[in-house]
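**Student:** Given chain Z, work out where chain A should sit, using these hints.
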Amino acid sequence: MVNYIWVGMLLIGFLFAIVNGTINEVNAALFKAAADAVTICFGLMSVLVFWLGLMKIAEDSGLLDKLAKLFLPIVTRLFPDIPREHPAIGYIMSNMIANTFGLGNAATPLGIKAMEQLKELNHGKNEASRSMITFLAINTSCITLVPTTVIAIRMKHGAVDPTDIVLPTIIATVISMIGGILIDRYFYYRRKRDGRG
Amino acid sequence: MQIFSVISAWILPIIIGGILLYGTFKKVSTYESFVEGGKEGITISFSIIPYLVGMLVAISVFRASGAMDAFVGLFKPIFSLFGVPSEIAPLAIIRPISGNAALGLTSDLMATFGADSLIGRLASTIQGSTDTTFYVLTVYFGAVGIKKMGDALKVGLLADLVGLIAAVTVVILIFGY
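First to last, the protein sequences are chains Z and A.
Numbered by this note's numbering, the letters in the first sequence go through residues 1 to 197 in order.
Numbered by this note's numbering, the letters in the second sequence go through residues 1 to 177 in order.
For reference, chain Z alone in the conformation it holds in the complex (with noise of 0.2 Å):
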């Protein structure tokens, strides 16, 4: 399906262009986002080094089974692929701490190092397993308590209390990780039905 999406938006760009005479502006911003894209690389580089670096302690150090410990109950509910004592485990748990704290430039280097330990699992696979489309499902469907960047562009604006939008965003984070996790349900049940996986 993305192969489709991807050369779909290319190509429907491209006959848009044509019909409203932006072909200008698309070849402008087609290599001005291919640049945009290696800077944000680099930038995911700083990130990726530091928080990885931390949490290789974290992992010497035991504190990572630790947090794995005290959530293996809820983990092995929503992850019934992944063997108990699994460092993906505790990888998935702080991703999701991470998440839930506003923290995105934590949550993504966790992401990305529980997603390896799940390729693992999957015997190194290229292709996505349940657990990995169940992860991604509660990754972007995750419980915010901090929306940390929206406050900031309230404050910017004069909201009389930035922060009261801080109640509603949980509640309705609450209600999509609840959504995400029932959808992805859905989807696997419907794929075990048809024999793929």
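Where hints are given, some of them may not hold.
What the hints assert, rightly or not - Quick list of in silico lysine-lysine cross-link-like pairs, DSS-like style, CA-CA up to 30 Å: (1) A:148 to Z:32; (2) A:39 to A:26; (3) A:39 to Z:125.
What the hints assert, rightly or not - So the derived list for chain A, only partly shown, Cβ under 8 Å to chain Z, looks like this: (4) 23; (5) 37; (6) 58; (7) 83; (8) 121; (9) 127; (10) 143; (11) 156; (12) 160; (13) 163.
Everything labelled a hint here was simulated from the structure, so no lab data went into it.
Backbone N, C-alpha and C fix where the C-beta goes; we use that ideal spot for every residue, glycine too.
**Tutor:** Chain A only, in chain Z's frame:
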């Protein structure tokens, strides 16, 4: 209000300090572990480059050509049908595709309609309660070399839809119409 900014300012030092203290207490060679773990970050960030270049170029061509505006326009009547201000349609559609564009739109909506207006609060809550699913998928799968995404994109986008409906409903219930 202040509590939140104090919490978010101190949460990082507390987490970092806690990990370092615990590591020292458990006699881990902390600096060596840090360097060893950090090395991995270099290879990972390089391996993400082609995935992100591919995705961002496509999104950017789609936006610059005007196709995105036309696409968003298709959804405006659906928003009006449910009594939701159609001004937030662009944000709702772009949020899962491009994080930067969504942030810009949220800021624009607040500048135009006011941070404490219904639209301002809707934009804030939508921005805070949904994620840039395309980016997360590209980066996470790219970093570990997953090429077949399976149902991941469908599941992620549907979860975003649930988040969007929840955000709009909750804001209207709490702040009134």
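**Student:** Quick check: which numbered hints come out false for this structure?
**Tutor:** Hint 7 is the one this structure does not satisfy, whereas the remaining hints hold.
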